[in-house]
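> Please arrange chains E, D and L on chain W, whose structure you already have, making use of the hints.
There are 4 protein chains.
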Amino acid sequence: MSSTATTQVTEILNYFGGTWHKSAATEFVNVSNPATAEVIARTPISSKADVDAAVQSAAEAFPAWRRTPAGERIQYLFKLKVLLEDHIDELARIITLENGKTFAEAKAELRRGIENVEVACGIPVMMQGYNLEDITPGVDELLIRQPLGVVAAIAPFNFPAMIPFWFLPYAIACGNTFVLKPSERVPLSMRRAYELLEQTGLPKGVINIVNGGKEAVDALCDHPTVRAISFVGSTPVAKHVYQRSAAAGKRMQCQGGAKNHVIVLPDADMDLARQIIADSAFGCAGQRCLAVSVAVTIGEAQNGAKPVVDGRSTKIAGHENGNFIKPTILDGVPASSSLANTEIFGPVLSLIHANTIDEAIDFIRKSPYGNQASLFTTSGAAARKFRYEAPAGNIGINIGVAAPMAYFPFNGWKESFFGILHAQGKDAVEFFTESKIVIERWSRQETRKF
Amino acid sequence: MSSTATTQVTEILNYFGGTWHKSAATEFVNVSNPATAEVIARTPISSKADVDAAVQSAAEAFPAWRRTPAGERIQYLFKLKVLLEDHIDELARIITLENGKTFAEAKAELRRGIENVEVACGIPVMMQGYNLEDITPGVDELLIRQPLGVVAAIAPFNFPAMIPFWFLPYAIACGNTFVLKPSERVPLSMRRAYELLEQTGLPKGVINIVNGGKEAVDALCDHPTVRAISFVGSTPVAKHVYQRSAAAGKRMQCQGGAKNHVIVLPDADMDLARQIIADSAFGCAGQRCLAVSVAVTIGEAQNGAKPVVDGRSTKIAGHENGNFIKPTILDGVPASSSLANTEIFGPVLSLIHANTIDEAIDFIRKSPYGNQASLFTTSGAAARKFRYEAPAGNIGINIGVAAPMAYFPFNGWKESFFGILHAQGKDAVEFFTESKIVIERWSRQETRKF
Amino acid sequence: MSSTATTQVTEILNYFGGTWHKSAATEFVNVSNPATAEVIARTPISSKADVDAAVQSAAEAFPAWRRTPAGERIQYLFKLKVLLEDHIDELARIITLENGKTFAEAKAELRRGIENVEVACGIPVMMQGYNLEDITPGVDELLIRQPLGVVAAIAPFNFPAMIPFWFLPYAIACGNTFVLKPSERVPLSMRRAYELLEQTGLPKGVINIVNGGKEAVDALCDHPTVRAISFVGSTPVAKHVYQRSAAAGKRMQCQGGAKNHVIVLPDADMDLARQIIADSAFGCAGQRCLAVSVAVTIGEAQNGAKPVVDGRSTKIAGHENGNFIKPTILDGVPASSSLANTEIFGPVLSLIHANTIDEAIDFIRKSPYGNQASLFTTSGAAARKFRYEAPAGNIGINIGVAAPMAYFPFNGWKESFFGILHAQGKDAVEFFTESKIVIERWSRQETRKF
Amino acid sequence: MSSTATTQVTEILNYFGGTWHKSAATEFVNVSNPATAEVIARTPISSKADVDAAVQSAAEAFPAWRRTPAGERIQYLFKLKVLLEDHIDELARIITLENGKTFAEAKAELRRGIENVEVACGIPVMMQGYNLEDITPGVDELLIRQPLGVVAAIAPFNFPAMIPFWFLPYAIACGNTFVLKPSERVPLSMRRAYELLEQTGLPKGVINIVNGGKEAVDALCDHPTVRAISFVGSTPVAKHVYQRSAAAGKRMQCQGGAKNHVIVLPDADMDLARQIIADSAFGCAGQRCLAVSVAVTIGEAQNGAKPVVDGRSTKIAGHENGNFIKPTILDGVPASSSLANTEIFGPVLSLIHANTIDEAIDFIRKSPYGNQASLFTTSGAAARKFRYEAPAGNIGINIGVAAPMAYFPFNGWKESFFGILHAQGKDAVEFFTESKIVIERWSRQETRKF
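Chains as they are written, first to last, in my numbering: chain W, 1 to 450; chain E, 1001 to 1450; chain D, 2001 to 2450; chain L, 3001 to 3450.
Everything labelled a hint here was simulated from the structure, so no lab data went into it.
Honestly, I wouldn't trust all of these hints.
[Stated by the list, open to error] Covered stretches of chain W, as calculated for chain L (at least 3 residues, CB under 8 angstroms): (1) 75-84; (2) 181-195; (3) 378-388; (4) 434-443.
[As the list claims (entries may be wrong)] Calculated cross-link-like contacts (lysine-lysine; reagent style DSSO-like; alpha-carbon spacing at most 27 angstroms): (5) E/1107 / E/1326; (6) D/2385 / D/2366; (7) L/3366 / D/2048; (8) E/1385 / E/1214; (9) L/3107 / L/3326; (10) E/1048 / W/366; (11) D/2204 / D/2239; (12) W/239 / E/1239; (13) L/3239 / D/2414; (14) D/2326 / D/2107; (15) L/3385 / E/1385; (16) L/3239 / D/2048; (17) D/2326 / D/2315; (18) D/2214 / L/3239; (19) E/1385 / W/204; (20) L/3385 / D/2239; (21) D/2414 / L/3048; (22) E/1214 / W/214; (23) W/22 / W/204; (24) D/2239 / L/3214; (25) D/2239 / L/3239.
[Claimed, not checked] These stretches of chain L come out as covered by chain E in the derived footprint (C-beta under 8 angstroms, 3 or more residues): (26) 3062-3073; (27) 3118-3128; (28) 3133-3143; (29) 3372-3379.
Glycine residues also receive a C-beta, built at the ideal position from the N, C-alpha and C atoms.
Just chain W, same shape as in the assembly (with noise of 0.2 angstroms):
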């Protein structure tokens, strides 16, 4: 038995130039089935001479890349569309396999990821930029869109393909070449994913990958080349990651950590309440930075929407070495503690009590994330102030994980995001370009003193 585990351990390889490099790297990571311990891959930890290769390669494939209109390189992105919808159940075998979540959120996953290269087919609409003429006689303004060249983004364990695509799709979409730094405790969906990508036939260097860790991460960070960084993780990495990319003068986009609140008022639906909440506190064993982590009952909500422990054991028969636990919900919990305010990912759930709306969106507002914040009621007039008020940059009216489609941004308020323009849609195309401001006088008569 243990021959035969080493021999299927997955040598991960890094992706440049069209084709897949193995890293000088002489550290390794390796990559364990959660269910399970066993290893089943492992990453190498690629020094900053494999981040200048997978850069140089994508530098080089930019400016064919750059000419190639839209219009024929968002046909590369109707073919993977094909191409993922075929292989989905595969991929998210492979996600369950090295992250651990059920297949079913893997396949929820995969769609959302989907959704961003349907959305990103749409760039000949979304990279449009703007003019007016006559800004005085005869002089016309137009402000043109135009790709930055190297970009590149870095992802977390939780979501090993969708985070990935919340970048990819609009960044080769509007011109520029990518290096993906995939987490290197889930290399294998986006390996995957690349091959796919390979079928499309897009040409040799506009997508790339280096897998690693800090070093890969700080010299991406640092590398004159890259323009611009996308990055995903907890929120002490994505600080780290805006201000280092900050004093290397780039654009950056980093979403952190979360501790979402749901709060129920006593009109609530509570049926619904109570099974939307478990889902969202429990799914993806509470792994999504959507998830929510505190929920506040006020007045006479708490007997009503109390999620139920469904008792699901820690200990899996034939599983016996997976990382499993069980959701706990901790009832009574201080507004004030660490347990209500520090990012836990896992499923626990909190319970605080509040006499008002207010003093609960008093709770949010002290917190240091702003990720998301839910309600649950049948009020009217409750979800407009809710709306108005709770400072989260994702907020959900009876909706457990209120996650953006695609064509809207994937917002994030205070320490769980840095930055302006977010992942998805418009924002995304704003951010994977940059405008550039042209004035033209053609006849000398016409025009009057500029």
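Quick look at chains E, D and L alone, frame taken from chain W:
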């Protein structure tokens, strides 16, 4: 005489809570009339505590200002537009007094400032969010734009009034409250502008001024209450502010220096080119970030385009102590010399020769800056090539100073700008608001699993 | 007395070529003060020749006005905004005099008009076209917006000043020249407004007035030089104008009549509902196209919501000849009766009862009109259902008069509106411009076969 | 032979309710292969009752289709894109068979059609409405876009597949249900396209076909259930449809004929101009509404640009009965002659001479049509003047067929288009949706009088 001069020195005050306050500063900077070298005012080097007071004032004003409808907030700007028009001569004289540019240049600067007030009057249109019904049956999603809170701008000496107006009108029209740190060298123009702003009846604390130098800048960058930093100045300070604000988790837009090239093709209208280039290089004493400072002639264009030195003497009768410098043209400057690549910020024009337009564009490509690039030509093909390839944020075709109108962003690329969203227009509105996603489900029956 | 009255009758003139002209009309309509029945003015029933003269004036002014930059054109609107604010009381008194609405209602009407002037000041942003580089290599495409030429608006009597301002500011800001045919019953308000417009220094011929009735309307619809017709009035005339202008190949937007329903759910705030519905039904004498005229109560809502008849007498002391009518509430009106389906345009409110919200929405569905539908409720679910299903252009939730702000279109569905693009906001800008596609190729080598 | 031919004649059916139906028509039109004059199919001249059946089918499908989220509706278009790509050769052969254009031209036509399917995949972005908080304190306003219901398109014979795809993808992506009346002369292409549409699994009734002639057209214009008419054909019929649909209160967009001018300046690249103009004038047998049919040479440009007659004979061996016509160039045509002003819709190019570009633009100005105008030049100034002044909806600079990409509207001015919003892109989305304003107040206390 000297005693008179002493009594005429204006003591510059900070402005917060709706009134003028003496800084606790013990250090001051003299403000001189560049035409006479006379000291006309002294600016306090405000401390972190002074910054705190101004930010506190802004923070207190925010909740009520934010709840004031956009349509009411712009009423103050409509009034301001009238007041600025009515006082344009007076303001222009103040600009001339403290900055030294001509009265005509000062009025032109004010027109650009007023233009931004005009555009910000359109906030009820520009600040709109977007939405879609039925992202899944019965569930709607909308993006709403809300103000950030307290925002701050740090302005340079070369456009004492215009540059604060790149930010102030949009910031407050969007519902933010605003702290300005003017250049310590030219505090008088905005001091008067704020008096006019007071006349509009703007609520106390919506606009504030803190005078000072590096300590005030750093305090604004670090201040946890300040949500956004807009900066215009030299590239080294722009970089510093960009990184330091990033360390504090803020959003920022930092405009730096420039070294702008103009390329003159042999087919250009040489009379037009000569006149416009001279205006661009020597107007405002060459202290515009869009001033042309390197002219690249292609082939035979040189003899035709060479600007005429106008021979103004450095000593102006009656202003023997003034800081005058005559226009200087340096011919035969090597493209790789520091002279051709370093910002001079004076009326100095270097001439370089190139054999082809590609070679000339390559000069621009190698420049660390990317604020503006201009081409003089009659050829549509050359213009298209130039606007497609020249790596600068503001492109002029037969234009000397390609200054974007207020309804377009004031761009900048490379070391001329750090950030994503620029000053002016739609960019300003995005910069000064944060988007909030709202996902709403109201009916249990209509909704599939989400 | 009679001789005095005779001397006070104002002779209404047409306005074109920048001056007031006597119509060649031989037929006139008397303008009466509704509060006294006194004749205060007489309106000429202008002929086709009068229309020709006004259109000719507009046509002559067009080429120069079109070449005036948008940023300059809006300067007249900024001046107009100030003038309208300064003369709002005077204008309100004129509206009251000729239309009969209260002074407060007249001022509110003017505020709505001024709001449109404000929004049209944003034309340099709103009129921008869009563009994309490299639709095929080396070929760019852009869409530019250009004014149409001469456009005309035909206004009703119920809002003598507001409705012309739904069109005039956008039309001229976009670079068109404009002909207004006011209601022959209320010509005085816009007569005074045009005097203020003259004070802005607007070039001759940019704005014009032709007074009259059907002949003038038809002449405008038929005139080959008039490019667009904006109409507000009754549905039969709206239909006539829509079809007749279509026969002449024009673009048009025709707002017709209404029969607006308000639904009151049992969970509504009844005090609020009662007060707001009464204001809506009886304010402006019920002569608003957004006035509520049918109140549908569901279940037990009736007793709570039933508006109180205020008992104002038809005879007002000192105004015995005035056209006063007291508010009338008709209870138990069958949903299928003509009373419940015909526009009355007076302070009359019919009460209907329904068992469910579905039944109530069905009343709206069966109505030929679709201007406004309102719901009073505290339920978020009911509001969502209503806004999703109710077939009307303007939906109010706990709102009596759901009048869109000027930065949104003033909608209307079904027989309440014929056309696509509405008055106000972005729609107005699209309506008053035509887009021009430009596809440019400058280089032979770069281009593939297109 | 004749009996064989008889059996090969395809009986054209209508399509509604998700299946093909025989029309009750007693009258038929023969469809011939233009290359052989053989009858290949016969089209029923459907009656008003046939139209009713198709509209009824669409009306029944609407409620469920409208409630299908946009993100799901576009899944059918993604599938259609793949199917069209896979069957492009087969479809091109059908187009060639019934229309007579070459296989290459037919494939190019299909590419344009597919491009519209691609753009319509972006509906979740393109269909978004907009919104603003606090139009008065506590009151929000939003504009949502909803589908119209049943819409219809009437297509011409010259692009059997492309023109239906100007409308169909947007119409159904926006949630409408759709009735197509193809040209009775070329019913086979869309018949096959609908078979592919069926394979996507589109619900029954979402798309429908009614074949026929004038009676079907009029029935669609008159039908109270049909909300919008899209028409492409000759100008007289476009006018008829525009007026008749207006009489029924609909919204409409009617594309008519053309007479497109190309101006060749002496500075043009003559080789390029000659080649491109010949392609434009004679490609697709001159039966493109964007075909150049009048070439205006300025000064000395004539000798350089004069297209070469390619000498193809009218009799093609083996196709002696085919409707072939050889390219014809008519030199020295007077600008005022009917030849220079009437649409010929065949491979005929008239040559006119002008002394100046102004004179040439004046020819365009006097033309009743305004579909396209092209300029060949190397001068940026001439191009700017032309795009600013030439009164046509689609302007080409060194372009022979200035066909807008699908992400821009297909424009047309003057007698070439009746309506406001054009086919393709953003215009199509606005055309196929109606906006609904929602104004919401939820809290009594927060709200001032509105």
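> Three residues minimum, CB to CB under 8 angstroms: does the segment 378-388 of chain W make the cut for coverage by chain L? Let me know.
Result for this restraint: holds, n = 6.
> At least three residues with a C-beta closer than 8 angstroms to a C-beta of chain L: is that true for the segment 434-443 of chain W?
Three-residue rule met by the segment 434-443 of chain W, so holds; n is 3.
> Within a Cα-Cα threshold of 27 angstroms, do residue 2414 of chain D and residue 3048 of chain L meet the stated pairing?
23 angstroms, holds
> Per the coverage rule (Cβ-Cβ under 8 angstroms, at least three residues), is the segment 181-195 of chain W covered by chain L?
Check failed, 0 qualifying residues.
> Need the status of pair residue 239 of chain W, residue 1239 of chain E: alpha-carbon distance at most 27 angstroms?
17 angstroms, holds
> Holds or violated: residue 1048 of chain E and residue 366 of chain W, Cα atoms, limit 27 angstroms.
With a Cα-Cα distance of about 25 angstroms, the restraint between residue 1048 of chain E and residue 366 of chain W holds, given a limit of 27 angstroms.
> Holds or violated: residue 22 of chain W and residue 204 of chain W, Cα atoms, limit 27 angstroms.
17 angstroms, holds
> With a cut-off of 27 angstroms on the C-alpha distance, tell me whether residue 1214 of chain E and residue 214 of chain W pass.
33 angstroms, violated
> Quick one: see if chain E covers the segment 3118-3128 of chain L, three-plus residues with Cβ-Cβ under 8 angstroms.
holds (count 3)
> What's the verdict on residue 2239 of chain D and residue 3239 of chain L, does the C-alpha distance respect the 27 angstroms limit or exceed it?
Given that 27 angstroms is the threshold and the Cα spacing comes to 17 angstroms, the pair holds.
> Counting residues of the segment 75-84 of chain W that have a beta-carbon nearer than 8 angstroms to any beta-carbon of chain L, does the count reach 3?
It holds, with 3 qualifying residues against the three required.
> If you draw a straight line from the CA of residue 2326 of chain D to the CA of residue 2107 of chain D, is it 27 angstroms or shorter?
22 angstroms, holds
Going down the numbered hints, you'll see the structure goes against 2, 8, 11, 20 and 22, while the others check out.
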